[in-house]
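Visitor: Residue 90 in UniProt numbering sits at position 90 of the sequence shown; the count goes up by one each step and never skips.
Keep in mind that the hints were calculated from the coordinates and are not lab data.
It cannot be assumed that every hint is accurate.
Quick list of simulated restraints, FRET-style, between CB atoms [what the hints assert, rightly or not]:
#1 PRO334 to PRO418: 37 to 45 Å
#2 ARG208 to VAL9: 41 to 49 Å
#3 GLU360 to ARG282: 50 to 58 Å
#4 ASP204 to ASP285: 25 to 33 Å
#5 SER393 to PRO418: 26 to 34 Å
#6 GLU360 to ALA154: 21 to 29 Å
#7 GLN173 to ASP301: 21 to 29 Å
#8 ARG282 to ARG407: 24 to 32 Å
#9 ALA154 to ASN209: 22 to 30 Å
Glycine residues also receive a C-beta, built at the ideal position from the N, C-alpha and C atoms.
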Amino acid sequence: MQVSSLNEVKIYSLSAGRSLPEWLSDRKKRALQKKDVDIRRRIELIQDFEMPTVSTKIKVSRDGQYIMAVGTYKPRIRCFDTYQLSQKFERCLDSEVVTFEILSDDYSKIVLLECGRFVEFHSQHGHYYKTRIPKFGRDFSYHYPSCDLYFVGASSEVYRLNLEQGRFLNSLQTDASESNVCDINPVHFLFAMGTVEGKVECWDPRTRNRVGLLDCALSSVTADTEIEGLPSISALKFDGALNMAVGTSTGQVLLYDLRSSNPLIVKDHHYGLPIKSIQFQRQLDLIISADSRIIKMWNKDTGKIFTSMEPEHDINDVCLYPNSGMLMTANEAPKMNIYYIPVLGPAPKWCSFLDSLTEELEENPESTVYDDYKFVTRKDLENLGLAHLIGSSLLRAYMHGFFMDIRLYHKAKMMANPFAYEEYRREKIRQKIEETRAQRVQLKKLPKVNKELALKLIEEEGEEQQVTRKRKQKNLPSLLKDDRFKIMFENPDFQVDEQSEEFRLLNPLVSKISEKRKRKLKILEELEAHEQEEEEEPEGKASDAESSESSDDEKGWVEEVRKQRKLLRQEEKVKRQERFKEDQQTLLKPQFFEIKEGEEFRSFKDSAKKQKLMKKTLGDRLKLEEKLGTLNVSDTTVGSKQATFKLKKSEQQKKQQEAEKQHRQERRTLRRSANHLKSRRGRGRLFH
1 MQVSSLNEVK IYSLSAGRSL PEWLSDRKKR ALQKKDVDIR RRIELIQDFE MPTVSTKIKV
61 SRDGQYIMAV GTYKPRIRCF DTYQLSQKFE RCLDSEVVTF EILSDDYSKI VLLECGRFVE
121 FHSQHGHYYK TRIPKFGRDF SYHYPSCDLY FVGASSEVYR LNLEQGRFLN SLQTDASESN
181 VCDINPVHFL FAMGTVEGKV ECWDPRTRNR VGLLDCALSS VTADTEIEGL PSISALKFDG
241 ALNMAVGTST GQVLLYDLRS SNPLIVKDHH YGLPIKSIQF QRQLDLIISA DSRIIKMWNK
301 DTGKIFTSME PEHDINDVCL YPNSGMLMTA NEAPKMNIYY IPVLGPAPKW CSFLDSLTEE
361 LEENPESTVY DDYKFVTRKD LENLGLAHLI GSSLLRAYMH GFFMDIRLYH KAKMMANPFA
421 YEEYRREKIR QKIEETRAQR VQLKKLPKVN KELALKLIEE EGEEQQVTRK RKQKNLPSLL
481 KDDRFKIMFE NPDFQVDEQS EEFRLLNPLV SKISEKRKRK LKILEELEAH EQEEEEEPEG
541 KASDAESSES SDDEKGWVEE VRKQRKLLRQ EEKVKRQERF KEDQQTLLKP QFFEIKEGEE
601 FRSFKDSAKK QKLMKKTLGD RLKLEEKLGT LNVSDTTVGS KQATFKLKKS EQQKKQQEAE
661 KQHRQERRTL RRSANHLKSR RGRGRLFH
């Protein structure tokens, strides 16, 4: 159970702590509770008091026994029985629920307004009936004397559905284009609706006529508020017969007396978010207003903040359990939060043990574990000279460092650096001096990298500013102030190398361009002084003086480029000579190489011959191959030439061919000898 305090008002969060997943078995849950202290100490007031992903609305039945909530996904409604502290039933729906209302004292009669213009009725056993309204609905209210449902939404009409007759009645025609919220006064049953235009229209259900109109948008604007657009009405709630609270989409809450058109008090949340819910706490005369970020409780007479709460997730709806100090919220998270504030009232009957529990906690207050402690890392301990305390009771290990007593930390810091206050005082004096110096004329400091380039840009910028002032033109952005080129004057990797070949060849051109620009500026100043010409010369039409100067500049530039090239050649010769001397001084050592198995060593002459052949042209190589017989070039009938190549044979191939030749010769000799013997035998038989 988490405890927070604001303005000496203690708020107990009963849903704080880790929640166990649903798919765990009971045995694993019990095992986790035995092992984990946090799970064992948490309070699960109502079992599985959550939604699969998001909860949108939450309400309590009039008898206080049932808590009903709607959410997603899939769209569903869940009913929780407070007497059993568990879920009673769950019903899935076809579309998401905008809002719902409990018509009976218990859960037996429920009306649901869904996104797809559907109105769904549920009874005790489940789904009962489903109908549809002409336009998309945003809110509805139930008029008990006539059994009428009033629907407001994306239309100028207020649709009426009579539940006794089971049919739609004539709708109320309003002046608003659309309506967001509505409510019916529980005392005299006045129907009020908040419009998109920031107005509240009040209707009498008996005569079906409008009896009042309040312009809340104009009243919500004060001297301190900053509003971008027209505020619309996002929340509406009656309190008794005469009071009504209105919430706007810009984060203001206005409290009205129905007898006056001016608000009694205007309370701003200062977040600019639409008000989601407004509740009244009559015992302490408090108003509980909530937007998606914060819940504020403030006095309705003075507007003074009583306390506030900021949950971890965005708030969708707030429900105050009647005649108690319990508060429930529907959030943009699976778990629905439950808060208990003892100052607002006692705990409900079904959880009366909360009173005794909170009383015991107040009698035995326990300070937070890390109050008055300082977090330090291992490096901080070494700087303070306290590394020997690691492992002792004075340091409490936590994450990547340790917690230590703040008093010990201050003492060690004073001993390690006794002149810290003097350094702080000097730093403050230096800052004051710099603030006074800022009023003086400041000199432009050159950057650490590319100082010459920065100086050149500053000079050119000053010259261009003088020209633009005289011509009344806009100043162009400076290269030094541009963030895109900021690294060029900070990173040493971008330093211009003036000794490089490219810079030395381009440098004369850059210098001549700057001289040319200065001469042009002098000519323009003289022309303006004599008032001979007011406008610039058109581009592409240069004067004779400029043309002569440009020709002289080109000649000088060519000469300087030639000089730079000669210098570069001389430097290259010097470098070559130095390399040659170094090569002569170095002693060459013989290197030995191993020949792989199965390969034969070839002389270096073969490689030399190959290199010579590779240096020759293709025509010379073809002639050599024709002489050797490996190439045959012949003319075709079409007029083109045909070349046939014979691949050179390696030594292994030659040996194989020679062995094959010998084998063939041996076989031939054997065949001849065999034939000779056969012929001789045949002749001998004939003689016999």
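Visitor: Now tell me, hint by hint, if it's right for this structure.
Guide: Cross-check of the supplied hints:
Between PRO334 and PRO418, the C-beta spacing of about 55 Å breaks the proposed range 37 to 45 Å. Checked against the hint of 41 to 49 Å, the C-beta distance between ARG208 and VAL9 comes to roughly 45 Å, which is consistent with it. Remark: the range hint 50 to 58 Å for GLU360 to ARG282 is contradicted by a beta-carbon distance near 29 Å. Restraint check, ASP204 to ASP285: a C-beta distance of roughly 29 Å satisfies the suggested window 25 to 33 Å.
In this structure, SER393 and PRO418 meet the distance hint of 26 to 34 Å, their C-beta atoms being roughly 27 Å apart. Look at GLU360 against ALA154: about 53 Å separates their beta carbons, and that is not inside 21 to 29 Å. Checked against the hint of 21 to 29 Å, the pair GLN173 and ASP301 fails, with Cβ atoms roughly 38 Å apart. Under the hint 24 to 32 Å, the C-beta atoms of ARG282 and ARG407, about 48 Å apart, miss the expected range.
A hinted range of 22 to 30 Å holds for the C-beta pair ALA154 and ASN209, which are about 24 Å apart.
In summary, the numbered hints that this structure violates are 1, 3, 6, 7, 8.
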